[in-house]
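Construct all of the structure, not just a fragment, from the sequences and the given hints.
Chain by chain, the residues run as shown.
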Amino acid sequence: MNDVVIPSRNHTGSVHAAGVSIKDLRKSYGSNEVLKGISLDVAPGEVVCLIGPSGSGKSTLLRCVNLLEQPNEGTIHVGGFEATDLDVDIDKMRRKVGMVFQQFNLFPHLNALGNCSIAQTKVLKRSQAEANKVAQANLERVGLGHLADRFPDQLSGGQQQRVAIARALSMDPELMLFDEPTSALDPETVGDVLSVMRNLAKEGMTMLVVTHEMGFAREVADRVVFMDGGVVVEEGVAERVISSPTQGRTKEFLKRVLDPTHIEISE
Amino acid sequence: MAMTARQRAKVSLYIQAGIFFVAMAALILATDWKTVGNSVFNFGKIGPMFPGIIVIGLKNTLIYTALAFVVGLSGGLLLALMKLSTFPLYRWIATGYIEFFRGVPALLVFIAFGYGVPLAFGVSWDVNVVVMVSLGMVASAYIAETLRAGLQAVPKGQMEAARSLGMPMWRAMVTIVIPQAFRIVLPPLTNEVILLTKDSSLIYVLGLTTAQYELTKFGRDGISSLGAGLTPLLVAGAFYLVITIPLSLLARKFESRSARTKR
Numbered sequence: 001m002n003d004v005v006i007p008s009r010n011h012t013g014s015v016h017a018a019g020v021s022i023k024d025l026r027k028s029y030g031s032n033e034v035l036k037g038i039s040l041d042v043a044p045g046e047v048v049c050l051i052g053p054s055g056s057g058k059s060t061l062l063r064c065v066n067l068l069e070q071p072n073e074g075t076i077h078v079g080g081f082e083a084t085d086l087d088v089d090i091d092k093m094r095r096k097v098g099m100v101f102q103q104f105n106l107f108p109h110l111n112a113l114g115n116c117s118i119a120q121t122k123v124l125k126r127s128q129a130e131a132n133k134v135a136q137a138n139l140e141r142v143g144l145g146h147l148a149d150r151f152p153d154q155l156s157g158g159q160q161q162r163v164a165i166a167r168a169l170s171m172d173p174e175l176m177l178f179d180e181p182t183s184a185l186d187p188e189t190v191g192d193v194l195s196v197m198r199n200l201a202k203e204g205m206t207m208l209v210v211t212h213e214m215g216f217a218r219e220v221a222d223r224v225v226f227m228d229g230g231v232v233v234e235e236g237v238a239e240r241v242i243s244s245p246t247q248g249r250t251k252e253f254l255k256r257v258l259d260p261t262h263i264e265i266s267e
Numbered sequence: 001m002a003m004t005a006r007q008r009a010k011v012s013l014y015i016q017a018g019i020f021f022v023a024m025a026a027l028i029l030a031t032d033w034k035t036v037g038n039s040v041f042n043f044g045k046i047g048p049m050f051p052g053i054i055v056i057g058l059k060n061t062l063i064y065t066a067l068a069f070v071v072g073l074s075g076g077l078l079l080a081l082m083k084l085s086t087f088p089l090y091r092w093i094a095t096g097y098i099e100f101f102r103g104v105p106a107l108l109v110f111i112a113f114g115y116g117v118p119l120a121f122g123v124s125w126d127v128n129v130v131v132m133v134s135l136g137m138v139a140s141a142y143i144a145e146t147l148r149a150g151l152q153a154v155p156k157g158q159m160e161a162a163r164s165l166g167m168p169m170w171r172a173m174v175t176i177v178i179p180q181a182f183r184i185v186l187p188p189l190t191n192e193v194i195l196l197t198k199d200s201s202l203i204y205v206l207g208l209t210t211a212q213y214e215l216t217k218f219g220r221d222g223i224s225s226l227g228a229g230l231t232p233l234l235v236a237g238a239f240y241l242v243i244t245i246p247l248s249l250l251a252r253k254f255e256s257r258s259a260r261t262k263r
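Protein chains in written order, with this note's numbering: chain A, 1 to 267; chain B, 1 to 263.
The set of hints was computed from the structure by calculation and includes no laboratory data. A virtual CB, placed ideally from N, CA and C, is assigned to each residue, including glycine. Just to be clear, a hint being listed does not mean it is correct.
DSS-like mimics (lysine-lysine), calculated; alpha carbons at most 25 Å apart, straight line [unchecked claim]:
1) A:Lys202 x A:Lys36
2) A:Lys23 x A:Lys92
3) B:Lys198 x B:Lys253
4) A:Lys133 x A:Lys23
5) A:Lys122 x B:Lys253
6) B:Lys198 x A:Lys92
Covered, in the sense of this in silico footprint (three residues per stretch, anywhere, with C-beta under 8 Å from a C-beta of chain B), are these stretches of chain A [to be verified]:
7) 26-34
8) 95-101
Below is the structure:
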């Protein structure tokens, strides 16, 4: 399992990628089992989109990968780390794993540059000058170099989300997790965020993306995983799963998502 | 005779103002101004209070308040974090402490730490130490509840984002959560400082030397020595406002500034 990672520092441009390997993962909240034995591999440099109806467990699965949720059973390997090992250095592991949230979660008391530099100085112990340089470079990378001194409340939703991506990238992650990154956005700003993610994929970043954007999944993802009711129902090459799903539940879901005006009337 | 809603509201306002002024006039007419003038507004005789009330009274009130606030803020932060801890023992200790020190009168705490503890352990405490311990411990209890509410008002996503960047729990608290919580609690915290300023007068139970007098004690001393009735107390009261009103203004300024740069 340790064949997937060669950590290396590389501020911008080409990235070093780590893989993910999830085996028989289970997670319950009380008596409610949300993940019922999930196995999933993401190769280094691969882009995998998790799709499925709300409540299917896809966000929980994503949050288990960087241990924002503690799984009950099963194993997760991320790069050279076993996340499910109780002795794992959780903070060290998380430095390698960038996380982008649905609600952005930018730090409101810091400007865009500060958001991107704070963890570099406090966690990676970079000098303020170096951290600012890296932060500025990553803000340029997401097309917001000119807004470095803006505070989050002075940015649009799409801009905030791109700052959040730049913040994650400033830590030189080898894997990026996206938890419905465009779901809270105004429709006209979704495109900017998706295009940043598309470029990231082109650069070879390993990405695990929970999304409802089927167009993005079809175009950018190497593989699509359809989850429903806490299990993986169907997975495969993105184009194949979205265009010609084999499972009934997948067909049903895609029909609803791709044609929102379609109303299913049960007898 | 039909009035619009706006006219009715206007008439109602006039009536309220009328009642207020009539009541004021009645009070003013009923007052025995000669006695009041001699015993409360007798400003001719208070000259000897100056400059002592400033260089001793005001100074000591500020010192006592500052000492208590420093202890209260650090103790309060510690207690707030304990109360939010996942470790039950910490929560129990913090809850017990807060309930106790919020529940007993500050005056009793002063007596306990000013006389009881020094007697029990055979030590003699400087008045500054007594203020720090007694008023500081009472302040901790109140401030802890304020800070706890502030910490809980910071969205959970902030902690998650900070942890996701590899920050350990304490680092995320110090760098991300606490700075945001402080902005939220600034108005109620100002309130605590104002309460402390006034509670610092309770130190009188210790029997102070002249150099240790704070504003209220200075005023009480003036009552017996100046023959100006209660006028010295009125002067002391005015000096409390000299402290608390600028404090309120300062807090309001901070508040509007932080509202502008964020959120």
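A quick look at each hint next to the structure:
{"no.": "1", "hint": "A:Lys202 x A:Lys36", "result": "33 Å, violated"}
{"no.": "2", "hint": "A:Lys23 x A:Lys92", "result": "22 Å, holds"}
{"no.": "3", "hint": "B:Lys198 x B:Lys253", "result": "23 Å, holds"}
{"no.": "4", "hint": "A:Lys133 x A:Lys23", "result": "39 Å, violated"}
{"no.": "5", "hint": "A:Lys122 x B:Lys253", "result": "30 Å, violated"}
{"no.": "6", "hint": "B:Lys198 x A:Lys92", "result": "50 Å, violated"}
{"no.": "7", "hint": "26-34", "result": "violated (count 0)"}
{"no.": "8", "hint": "95-101", "result": "holds (count 5)"}
Consistency note: the structure conflicts with the earlier hints numbered 1, 4, 5, 6 and 7.
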